[in-house]
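With numbering that gives the first Met the number 0 as the guide, the letters of the sequence shown map in order to residues 0 to 108.
By construction, these hints were calculated from the structure, which means they are not laboratory data. All figures in this text were calculated on a predicted structure; none of them were measured in a lab. Incorrect hints may appear among the rest.
[Stated by the list, open to error] Below are the DSBU-like pairs computed for lysine-lysine, each with C-alpha atoms no more than 30 Å apart in a straight line:
#1 Lys107 to Lys1
#2 Lys61 to Lys28
#3 Lys61 to Lys1
#4 Lys28 to Lys107
#5 Lys28 to Lys1
#6 Lys61 to Lys107
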Amino acid sequence: MKLVMAVIQDADAASLMRALSDNAFDVTKLASTGGFLREGNTTLMLGVQEGRMEELTALVRKTCRARTRLVTPSVPMGEQGEGLVSEPLEVPVGGAVMFVLGVDEFIKV
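Model the full assembly from the supplied sequences, consistent with the hints where possible.
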């Protein structure tokens, strides 16, 4: 048995939870914040049999896609130079980070 903690973008949470439910994965959703750009994200906790890890990983890869966002860098007022233009940058966001931990015992009451 494994405990999987998957950190995903809020934009992907509903579709991934639907896919997990359709494929008989029990999941607990936790709201979380952090990471690059300090945007809201979702952390999912799942108890998964080792034989289903590949299936879970495939669902996450299919559902949680990487995308790009335009971000305007902020330059502190004291460091701005004349003629300095802070143009928006395109940065990658999204996808998923999965932490997989061994579980000694799993009790469902």
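Status of each hint after checking the structure:
Pair hint Lys107 plus Lys1 holds up; C-alpha atoms about 14 Å apart against a cutoff of 30 Å. In summary, the hint linking Lys61 to Lys28 is supported, as the alpha carbons are separated by about 19 Å, within the 30 Å threshold. Distance check on the hinted pair: Lys61 and Lys1 sit about 21 Å apart at the alpha-carbon level, within 30 Å; holds. A distance of roughly 17 Å separates the Cα atoms of Lys28 and Lys107; the hinted pair therefore holds under the 30 Å criterion.
Among the hinted pairs, Lys28 with Lys1 is consistent with the structure: their alpha-carbon atoms are about 17 Å apart, no more than 30 Å. Restraint check for Lys61 and Lys107: satisfied, since their Cα atoms lie roughly 28 Å apart, inside the 30 Å limit.
In this structure, none of the earlier numbered hints is contradicted; all agree with it.
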